Structure formats: structure tokens, C-alpha cells
Amino acid sequence: MILSRVKPAVGVETQVSISEKKKNQTKVPRLEEYLQQRDYLGALTLLEFQRNVGEKEEHADLWIGYCSFHLGDYKKAMEEYKSLTMKPDCPVDVWVYLACVLFFLGLYKDAEEAASKAPTSPLQNRLLFHLAHKFNDEKRLMGFHQNLEDVTEDQLSLASIHYMRSHYQEAIDIYKRLLLQNRDFLALKVYVALCYYKLDYYDVSQEVLAVYLQSIPDSTIALNLKACNHFRLYNGKAAEAELKNLIDISSCSFEFAKELIRHNLVVFRGGEGALQVLPPLIDVIPEARLNLVIYYLRQDDVQEAFNLIQDLVPTTPQEYILKGVVNAALGQEIGSRDHLKIAQQFFQLVGGSASECDTIPGRQCMASCFFLLRQFEDVLIYLNSVKGYFYNDDTFNFNYAQAKAALGNYKEAEEVFLLIQSEKIKNDYVYLSWLARCYVMNQKGRLAWELYLKMGTSSDSFSLLQLIANDCYKMGQFYYAAKAFDALEKLDPESNYWEGKRGACVGIFQLILANKESKETLKEVLPLLRNSGKPPG
Amino acid sequence: MERTDRRTDPRRLDNQPYDESLEVVDSEEVASVSSPTPRGQRQSFSRRSREGRGLMSANSSSDEFEEDQKPQRTKEPIGRQPGASPNEEEEEEEEDEEEEDDDSDEDDTDDDDEPGQAPEGAYDPADYANLPVSTEVKELFQYITRYTPQSIELDHSLKPFIPDFIPAVGDIDAFLKVPRPDGVTDALGLLALDEPSVKQSDPTVLSLWLSEETKQHGATELKKVTSVASPQSIPRAVDSWVESISALHRSKPAASVHYGRAMPDIDSLMQEWPGELEELLGRLQLPPARLNCSLMQYVDLVCALLDVPVHSNRIQSLHLLFNLYLEFRDSQHFTRRTQT
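Protein sequence lines, in the order shown, are assigned to chains P and U. Using full-length UniProt numbering, read the first sequence as starting at 1 and increasing by one per residue. Using full-length UniProt numbering, read the second sequence as starting at 1 and increasing by one per residue.
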């Protein structure tokens with residue numbers, strides 16, 4: 001009987017099964033049949049029908065509560081249990097059931113109150129254990145921990161706390177031990193797969209998960225996890241295909257995990273529909289807020305991203321990283337040292353942690369931290385260690401090239417700068433000025449000059465001229481130095497650029513004499529000297 | 001290296017306001033009131049706050065840095081005066097300045113990419129010293145070195161890496177679950193995940209079916225009528241509804257209609273026509289639907305032909321007419337006859 005519950009109900013539409021029942025047996029199906037198929041909606045309909053007709057199953061109210069709970073309709077379950085507790089002959093255990101329901105509704109205070117009215121039981125202890133975790137009450141957590149016994153349910157509850165606290169290896173140990181004792185506890189395979197997923201071992205997760213899916217191919221949780229593994233291992237398309245499959249096999253009245261699926265569809269589609277789907281899911285699905293922040297960051301709406309995340313107290317590496325990223329972006333945008341300081345601290349925390357120091361995001365964090373500290377040698381160490389993953393990544397290349405240029409490696413810096421495709425970055429003055437410097441340092445003054453010519457007149461273009469004039473002078477590219485000084489003189493007649501221009505012109509003369517510049521250039525230089533307001537020296 | 005930076009560098013700033021604040025007496029009075037003693041003791045730390053350095057350079061972990069930074073910038077000029085006499089301070093200052101000069105050089109090499117030494121490929125007048133030119137021209141060349149190009153510091157901008165979107169996998173079963181009321185273990189979360197099956201009965205269809213099956217009509221009024229928000233986008237929902245409802249109807253006996261006035265029963269209507277009529281019908285064509293008359297008249301015509309009485313309500317007559325038709329259509333006797 002128990003084994004039959006594991007047997008999948010493959011491809012049998014509910015409607016068909018009704019008519020089949022109809023053919024085989026004209027009598028009304030029993031509750032047990034629905035429960036075994038985990039068709040709780042069917043069970044509930046039957047129970048409510050019986051309640052309305054007057055032929056009551058024993059403990060019908062409790063059964064309705066049970067079915068609503070396992071269906072995931074906690075609100076309905078709460079109403080059922082609450083009305084039960086009003087009755088004089090209410091069984092005392094109802095209080096702990098109510099507490100469980102309240103817990104899943106996120107009403108932790110109410111859950112604790114309800115649990116306190118229930119008699120002591122292992123379930124009550126487990127619930128209080130989890131509540132203590134929610135309240136961050138370490139002392140009580142330890143107390144309830146000690147009450148846990150070496151029985152399956154308690155151990156599994158403990159493992160789930162390990163999971164919630166990101167202690168995945170400890171959780172895996174518990175599951176593996178229990179699996180050794182009970183080979184047929186297939187659900188534990190999924191729990192192990194979830195842990196491996198969190199540990200970034202997506203292929204291992206996939207392997208363990210396959211065992212469960214082989215036996216129960218239409219499990220929502222397992223298929224969703226499979227989709228997530230595909231997302232990490234391959235791409236959003238592969239993940240979406242997996243989720244589509246799940247949607248196709250589920251009947252229309254199926255509501256369980258609908259929010260999770262909607263959420264993940266946004267993720268797999270690269271943020272499509274984020275603004276419609278994610279806001280109502282904030283604080284329901286923990287990742288929803290983070291994903292909305294990521295969405296805003298991708299839209300360059302840093303302020304909105306900051307508003308969303310500023311009150312979040314980070315606990316997971318992902319949250320620390322995202323807070324760091326938002327603070328770094330905002331700090332640079334509004335020039336706030338406080339934000340940059342926070343960013344740098346968070347980056348350091350994640351990048352230096354044992355669990356993240358060898359992950360790609362961890363390395364990116366350390367690189368960002370050192371970048372904010374302007375320690376570019378260290379930036380390069382970390383960026384070099386992950387550059388294989390970011391060959392065509394504009395963001396990565398922008399930072400990488402700046403670090404190289406900052407250390408005087410202009411040749412490679414120029415190459416990397418030129419890999420960047422994003423128009424936004426290419427119009428950023430930081431990009432233009434550093435690229436111009438690289439050009440000049442690599443004896444390509446002409447290209448730097450062309451960068452200037454392409455810019456509209458602005459304070460930035462004025463700064464770029466000064467950069468070109470002085471850097472070219474320094475590098476002995478006197479022709480472009482002279483041109484730049486001449487342009488500066490025209491733009492800003494008040495200041496004195498004469499010395500620079502004169503020196504540059506003489507420099508050209510010298511280059512011509514050394515046969516390093518064609519004689520023709522002289523024709524261009526003379527008018528430059530004549531243009532000047534100052535008397536020729 | 002960092003430490004020396006921090007210690008020496010900021011002093012330069014501290015000194016500046018001090019140098020400029022001429023009204024020593026006044027400010028001393030103010031200071032003695034406003035600034036608590038610890039400030040005097042912490043002078044050397046407080047000096048660290050300094051603007052104008054590269055962003056946060058050289059501060060990797062110091063707490064003091066954070067604490068000091070904000071409040072002190074404003075109070076600095078007055079705050080640090082109580083304590084040491086001006087003379088002592090001045091001596092210190094001189095030392096500081098020396099140190100500071102050294103350090104600021106080092107600083108530059110750290111922060112700048114253009115250190116003291118010239119970058120590779122930089123202009124070097126020595127390369128041209130041997131050009132065969134007149135002294136006049138050589139003198140002219142000196143104009144080149146007379147201008148020293150400025151070192152222009154460029155801003156850096158960290159483009160923060162934006163993480164990938166994060167899919168949600170949910171949490172692991174915590175075994176906070178309601179047991180079965182009958183005390184039977186359900187093994188949910190052990191043998192199989194505690195999740196509802198993807199196949200859930202449609203409550204509306206099921207309750208319709210239940211009331212049909214138990215003949216408890218009316219006991220369950222349709223609690224909710226589901227509607228499909230955008231049928232074109234999810235045709236599946238509509239299809240499955242139509243499919244399940246027609247399945248339900250197939251399983252039902254035909255609905256009976258109570259006629260307003262007495263009607264002949266089907267069997268009597270199915271009796272054979274008199275022989276003459278039968279013979280006549282074989283030769284004549286039945287009035288076609290194209291007949292030039294109104295629908296009402298046509299209905300009357302057909303009903304009359306088939307002995308179906310027409311009272312005030314034609315609908316009831318038509319109902320009987322179609323029932324008659326269904327009866328013939330479904331009758332095995334007649335289907336066999338038409339086939340042969």
C-alpha cells in the first residue's frame with residue numbers, strides 16, 4: 001500500500017481517471033484513493049461535498065485541514081484549524097497543527113503562541129526549534145536542539161536547519177546516514193540534490209536527482225530543481241524547456257509552487273517580465289528581491305536597486321555580494337565615500353570567506369575590493385584567475401583594462417579596451433581618457449587625436465585635449481602635442497599654453513631633422529605658431 | 001608601507017589649519033569647552049582623516065579610520081589645540097614635513113601609474129644630442145625641455161559586476177507537518193516528497209460529478225465558477241474544461257423535459273405510417289428547407305408531417321421532434337436498415 005504511493009501516475013489526466021472510475025465502479029470514490037494520489041484538491045472536494053450532503057467522514061474538519069495543508073493552501077488550513085480551536089471539544093493537538101500552518105504563512109509570532117498552547121510533542125519541539133532559528137534566538141535554538149531525538153523526523157528537521165543556515169555538508173551527512181538505514185526513502189535523494197545545488201555541484205546534484213525522477217517523473221520540486229541545475233550548467237533556454245515540461249504535465253487546477261515557477265521563468269528568460277512578476281513575490285520567495293535588484297542594476301537604475309536592498313540585512317554570500325555591488329555602483333555614481341567603504345567591506349568579507357574565496361563571484365569580489373582600494377596589482381591577480389570565464393564580458397574587460405593601464409601595461413590594456421562593445425562604456429570618459437592614454441603611450445598619438453575629434457565639445461573633451469597634449473609631449477609625439485596645445489589655446493585663450501605649443505613645435509622640427517617626421521609636417525606647424533597670440537619665441 | 005602612509009600622510013593636513021589659525025587664544029577657549037579630553041590623546045589618530053587621497057587608499061582594516069573620519073573634519077582646527085604648547089608642535093611639524101616629503105614621493109609611485117621614472121618610449125633629449133646641427137638650432141632645441149608636461153591623473157571607475165539572476169529552488173522539508181487524523185503514517189517527505197501531485201481534480205467538475213453520482217442534486221450549488229482570464233493564451237484550460245464537462249454529460253442520462261401540455265410519447269410517434277402515405281412519400285419529395293416560408297411556418301409544417309402537435313410553444317414541439325430524431329438515429333434497428 002505504501003509502495004503504491006510511490007508509483008507515478010504518469011500521463012493520466014484527472015478527468016480521464018474520473019470517467020474510468022465511473023466505468024469501473026459506479027460508487028463514489030473513497031477519500032483514501034485521492035490521498036494516495038496526492039490529489040488533495042480532489043480529496044477536499046469530496047470532503048466538502050460530504051459535509052454539505054450531511055454524510056460526514058469521521059474527523060472531517062481535521063481531514064480538511066490535513067488536505068489543505070499538504071496542498072499548500074495554508075490560509076484555508078488556518079481557517080479550518082482556527083474554527084476548530086473555537087469549539088469546546090477541540091483536540092489539543094489542533095494547536096500544534098495551527099502553529100505549523102501559521103509558521104508556513106510566515107506568522108511566526110502567532111505560530112509561537114499557538115505552539116505554546118499545545119502539549120509537548122516532538123512536532124511541537126521541532127516547530128519551536130525552527131521558530132528559534134527564525135527569531136535568531138541562539139540560546140533557545142540550542143535548547144530545542146537538545147530535545148531532538150535520534151528519530152527520522154527529528155533528524156530531518158535538524159538537517160533542514162543546517163540547510164537554512166547554509167551548512168550544507170552537515171545536512172548531507174544526516175541525509176546520507178538516514179539513507180543508509182532506509183534505502184527506500186527516495187525523497188532524501190532530492191534533499192541531498194538540493195544541498196549539492198547550493199554547494200554549486202550542479203552535475204552531482206543532477207545525478208542524485210535523477211534517481212528520484214526515475215521513480216517519480218512528475219515531481220514539481222524535483223523538476224524545478226532540475227531546471228535550476230540546467231540553468232547553472234547550460235543556459236536559460238535549457239532551463240525554461242524543463243519548466244515548460246512541468247507546466248504542460250500539470251493540470252490547470254494545480255496551484256502548488258506556482259509562484260516559484262513564475263519566479264524562475266523570469267530568471268530563465270533573463271529578467272523578462274520582472275517588473276510584473278517579482279514585486280508581489282518580495283519576501284515570499286527570498287530570491288525575488290535579489291533578482292529585482294539585479295534587474296534594476298541591469299537597467300542602470302542604481303537608485304531603485306539601492307532602495308530595494310538598503311534595508312536588507314545580508315546573511316548569504318549572494319546578499320553580501322549584491323549589497324556590495326549596489327553600494328559600489330551608487331557610491332561611484334553620487335561620489336559617496338561611505339557607500340564605497342561599505343562596498344569594499346562587503347566585497348572583502350565575501351571574497352575572503354572560506355566558502356567563497358575560490359568561487360568566481362568570490363574572486364570578482366576581491367578584485368572589486370582592491371579596485372576600490374586602488375591596489376591594482378592585487379586587482380590583476382584576482383582578475384587574471386577568472387579571466388577565462390569572461391572573455392567577451394564588457395564589464396570585466398573595462399575593469400581589467402583599467403587595472404592593466406594603471407600598472408603601466410598599456411599595450412595589453414589597449415587590446416582589452418578595444419574588445420569592449422558596449423556603447424555606454426565606450427562613451428564613458430573614463431574609457432575614453434584611458435584608451436587615449438594607452439594610444440599615446442603606445443606611440444599611436446593619431447588614434448588618440450581621432451578620439452578627441454569624435455567627441456562633442458564638452459568639459460570632457462577639454463580634459464582629453466589636455467591629456468593628449470601633455471602625454472604626447474611626454475612621449476615625444478610632438479605633432480599631436482602641438483595640435484592639442486593649439487586647440488586648447490583656441491578654446492581657452494586666457495590660459496597660457498604657449499610654452500607647451502612652442503616646445504612641441506620645436507620638437508617636430510627636431511624630429512624632422514632626425515628623419516623621424518616628414519618634412520611636409522613643417523607646413524602644418526608654421527601656421528600653428530603664427531596663430532598664436534603670443535609673439536614667436 | 002601602508003602603515004607609514006597612514007601615519008605620516010595625514011599630518012600634512014592637520015598642520016595646515018593649524019598654521020592658518022591665528023587666533024590661538026580664542027580657539028583654545030572654545031576648544032576647552034567643546035572637546036572632551038580623549039580627543040587630545042587621540043590626536044595622532046585623528047589626523048588620519050584627510051581628504052584628497054585616492055579613494056580609501058591605504059585603509060584596509062583600521063577601525064579608527066571610520067570612527068574618526070566624519071566628526072573630525074569639522075572640529076579639527078579647534079579640537080586638537082588643547083595640550084601641547086605651540087612650540088612643541090612646531091618642532092614636530094618640521095620633522096613631519098620631512099617625513100612627509102619622502103613619503104609622498106613613495107605615495108606617488110604607489111598610486112600613480114606614472115612613477116618617477118619615465119615610461120617606456122618617453123621622449124629623451126639625449127637621443128637627439130648627436131644630431132648634426134648648428135649651435136643655434138641646438139639652442140632652439142632647449143625649448144623642448146623648457147616645458148615640462150604635466151602629469152594628468154585619470155579617474156578610475158569600477159564597473160561592478162552584476163551577478164546572474166538567481167533561480168529559487170525552495171527549502172528542504174523541515175518536518176513541520178500535520179499528520180493524518182486517523183493516525184496512519186503517511187511517509188510524506190520520506191518515500192516521496194511532500195508535495196501535491198501535478199494532477200489535481202478540478203473541484204467544479206468533480207463536485208458536479210459527485211452530485212450526479214449520488215443523485216444529491218442541489219446539495220452542492222456551484223460554489224465557484226472558474227473563468228479563464230485570457231483564453232487565447234491558455235487554450236489548454238478551456239479545452240480541458242470542455243473535455244471534462246462533455247465527459248460528465250456523456251455519463252449522465254438525458255435530461256427530461258416537462259412539457260406544458262400533453263404530448264404523445266415517442267413510441268407512438270415511431271409507429272409506421274399508413275401504407276398509402278408510405279407509398280406517397282416514396283414518390284414525393286419532402287418539403288425542403290429552402291421552401292419559401294417563414295421558419296415558424298416551416299416548423300409547423302414538419303411537425304404536422306410527423307404528427308407532433310404544436311401548441312402555443314414551438315420549442316417544446318421541436319424538443320419532441322428532435323428526441324424523435326435521436327431515437328431513430330440511435331435505434332440499432334433503423335441504422336442497420338439504412339446501411340443495407
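Hints in this document: simulated from the structure, not taken from any laboratory. Note that the structure is predicted; figures quoted are calculated from it, not measured. Incorrect hints may appear among the rest.
Listed next, the in silico DSS-like pairs over lysine-lysine satisfying Cα-Cα at most 25 angstroms (straight line) [as the list claims (entries may be wrong)]:
(1) P/K444 x P/K454
(2) U/K138 x P/K109
(3) U/K138 x P/K134
(4) P/K237 x P/K258
(5) P/K426 x P/K454
(6) P/K426 x P/K444
(7) P/K82 x P/K109
(8) P/K134 x P/K117
(9) P/K424 x P/K411
(10) P/K56 x P/K75
(11) P/K82 x U/K138
(12) P/K87 x P/K109
(13) P/K76 x P/K244
(14) U/K177 x P/K176
(15) U/K177 x P/K75
(16) P/K424 x P/K198
(17) U/K177 x P/K519
(18) P/K87 x P/K56
(19) U/K177 x P/K76
(20) P/K258 x U/K177
(21) U/K177 x P/K516
(22) P/K76 x P/K117
(23) P/K87 x P/K134
(24) P/K523 x U/K138
(25) P/K198 x P/K244
(26) P/K411 x P/K341
(27) P/K444 x P/K411
(28) P/K134 x P/K82
(29) P/K87 x U/K138
(30) P/K76 x P/K56
(31) P/K237 x P/K134
(32) P/K75 x P/K134
(33) P/K117 x U/K177
(34) P/K237 x P/K176
(35) P/K490 x P/K444
(36) P/K411 x P/K516
Some chain P residues well away from chain U (every beta-carbon gap over 10 angstroms; in silico) [to be verified]:
(37) A210
(38) N307
(39) Q332
(40) D492
From the three backbone atoms N, C-alpha and C, an ideal C-beta is built for every residue, glycine too.
Hints versus structure:
no. : hint            : result
1   : P/K444 x P/K454 : holds, 16 angstroms
2   : U/K138 x P/K109 : violated, 89 angstroms
3   : U/K138 x P/K134 : violated, 82 angstroms
4   : P/K237 x P/K258 : holds, 19 angstroms
5   : P/K426 x P/K454 : holds, 12 angstroms
6   : P/K426 x P/K444 : holds, 18 angstroms
7   : P/K82 x P/K109  : holds, 16 angstroms
8   : P/K134 x P/K117 : holds, 19 angstroms
9   : P/K424 x P/K411 : holds, 23 angstroms
10  : P/K56 x P/K75   : holds, 23 angstroms
11  : P/K82 x U/K138  : violated, 102 angstroms
12  : P/K87 x P/K109  : holds, 23 angstroms
13  : P/K76 x P/K244  : violated, 29 angstroms
14  : U/K177 x P/K176 : holds, 22 angstroms
15  : U/K177 x P/K75  : holds, 15 angstroms
16  : P/K424 x P/K198 : violated, 35 angstroms
17  : U/K177 x P/K519 : violated, 91 angstroms
18  : P/K87 x P/K56   : holds, 17 angstroms
19  : U/K177 x P/K76  : holds, 15 angstroms
20  : P/K258 x U/K177 : holds, 20 angstroms
21  : U/K177 x P/K516 : violated, 85 angstroms
22  : P/K76 x P/K117  : holds, 21 angstroms
23  : P/K87 x P/K134  : violated, 31 angstroms
24  : P/K523 x U/K138 : holds, 21 angstroms
25  : P/K198 x P/K244 : holds, 23 angstroms
26  : P/K411 x P/K341 : violated, 32 angstroms
27  : P/K444 x P/K411 : holds, 11 angstroms
28  : P/K134 x P/K82  : holds, 23 angstroms
29  : P/K87 x U/K138  : violated, 111 angstroms
30  : P/K76 x P/K56   : holds, 19 angstroms
31  : P/K237 x P/K134 : violated, 36 angstroms
32  : P/K75 x P/K134  : holds, 20 angstroms
33  : P/K117 x U/K177 : holds, 17 angstroms
34  : P/K237 x P/K176 : violated, 33 angstroms
35  : P/K490 x P/K444 : holds, 24 angstroms
36  : P/K411 x P/K516 : holds, 22 angstroms
37  : A210            : holds, 15 angstroms
38  : N307            : holds, 17 angstroms
39  : Q332            : violated, 6 angstroms
40  : D492            : holds, 15 angstroms
The earlier numbered hints that this structure contradicts are 2, 3, 11, 13, 16, 17, 21, 23, 26, 29, 31, 34 and 39.
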